[in-house]
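Visitor: What follows is each chain in one-letter form.
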Amino acid sequence: MNTYDVLARAFPDAPGDLSRLHGRLATAAERDGVLDVAYRIADSPVGPLLLAATEQGLVRVAYAREGHDAVLQALADQVSPRILHAARPGGGGMMLRT
Amino acid sequence: MTGKPPFEAIVAAHGRTVLCVCRAVLGPADADDAWSETFLSALKAYPALPAGANVEAWLVTIAHRKAIDVTRAAARRAIPVAETPEDATPSAPDADPDAGAELARAVARLPARQKHAVAYHYLAGLPYAEVAAIIGGTPEAARRAAADGIASLRRSYPGAPGSRVLP
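Residue numbers (our numbering), protein chains in the order written: chain Y, 1 to 98; chain V, 1 to 167.
Hints are computed from structural coordinates only; laboratory data are not their basis.
Quick caveat, the model's predicted, so the values are computed rather than measured.
Please note: incorrect hints may appear among the correct ones.
Sample of chain V residues with no beta-carbon within 12 angstroms of chain Y, all distances over it, derived [said to hold, decoys possible]:
| # | residue |
| --- | --- |
| 1 | P5 |
| 2 | R16 |
| 3 | G52 |
| 4 | I68 |
| 5 | R72 |
| 6 | A73 |
| 7 | R76 |
| 8 | A99 |
| 9 | R113 |
| 10 | A132 |
| 11 | I134 |
| 12 | P139 |
| 13 | R144 |
| 14 | A146 |
| 15 | Y157 |
Just so you have them, the derived chain Y footprint on chain V, three or more residues with Cβ under 8 angstroms [stated by the list, open to error]:
| # | segment |
| --- | --- |
| 16 | 17 to 23 |
| 17 | 56 to 67 |
| 18 | 103 to 112 |
| 19 | 125 to 131 |
The C-beta atom is built at its ideal place from N, Cα and C for all residues, glycine as well.
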């Protein structure tokens, strides 16, 4: 066991810690107007769909076969890299309803 | 075309490490706020981050500044008292017997410079040149601060004597 492993065990994160903090970040980012693209994955009869929205509205719907990571990278290149998963995007015009 | 990965990927790749660093530097009470403020500031500045930048070092630099802000704010809130407890280290009467908690308290007792050097080098994995750029001074001084911190932890960490626990 190396020094990192020993030290890291002193500062463990409980299950859900990072998810909770991520939620806080997405909420704060949207509040401050710095979340350019919010996305979520929605179940559908044709499989998981990626839904991405800007303040102007929905900008991309992608099937799983398109590769969601590749779709997000394309959005980063073409729209903005300020992209976050937002489980409950809301406020302003950035609403994703399924 | 930016060529940058989505910021979500940055959070996924570095979120855990930054949280670990925030907890080491600030303790659990303030770490969550520091983590959130670090990533919010990073998100704002992300489009301007130069291509090829060391993202982990960039995030730790932001976290370091947030930690200083939090520490200063806490100092301003502090209320003078006539007497101080013998051991000012946060420790509940029914202290967690877990060895990790003991080590966390030992890290909290380190002088700030040693604590920062240990956290940024050993937890964030930054080279000493990057650590020095964050905390000031030379890479050699940063290396010495980290080494002194580790040596102090080996001496003071009660549940884990010697190099068997801290290599």
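Visitor: Next step is simple, just say for each hint if it's right about the structure.
Guide: Structure-based check of all given hints:
{"no.": "1", "hint": "P5", "verdict": "6 angstroms, violated"}
{"no.": "2", "hint": "R16", "verdict": "6 angstroms, violated"}
{"no.": "3", "hint": "G52", "verdict": "15 angstroms, holds"}
{"no.": "4", "hint": "I68", "verdict": "19 angstroms, holds"}
{"no.": "5", "hint": "R72", "verdict": "21 angstroms, holds"}
{"no.": "6", "hint": "A73", "verdict": "18 angstroms, holds"}
{"no.": "7", "hint": "R76", "verdict": "23 angstroms, holds"}
{"no.": "8", "hint": "A99", "verdict": "8 angstroms, violated"}
{"no.": "9", "hint": "R113", "verdict": "17 angstroms, holds"}
{"no.": "10", "hint": "A132", "verdict": "19 angstroms, holds"}
{"no.": "11", "hint": "I134", "verdict": "18 angstroms, holds"}
{"no.": "12", "hint": "P139", "verdict": "18 angstroms, holds"}
{"no.": "13", "hint": "R144", "verdict": "16 angstroms, holds"}
{"no.": "14", "hint": "A146", "verdict": "10 angstroms, violated"}
{"no.": "15", "hint": "Y157", "verdict": "9 angstroms, violated"}
{"no.": "16", "hint": "17 to 23", "verdict": "holds (count 3)"}
{"no.": "17", "hint": "56 to 67", "verdict": "violated (count 0)"}
{"no.": "18", "hint": "103 to 112", "verdict": "holds (count 3)"}
{"no.": "19", "hint": "125 to 131", "verdict": "violated (count 1)"}
Violated hints, in rising order: 1, 2, 8, 14, 15, 17, 19; the structure is consistent with all others.
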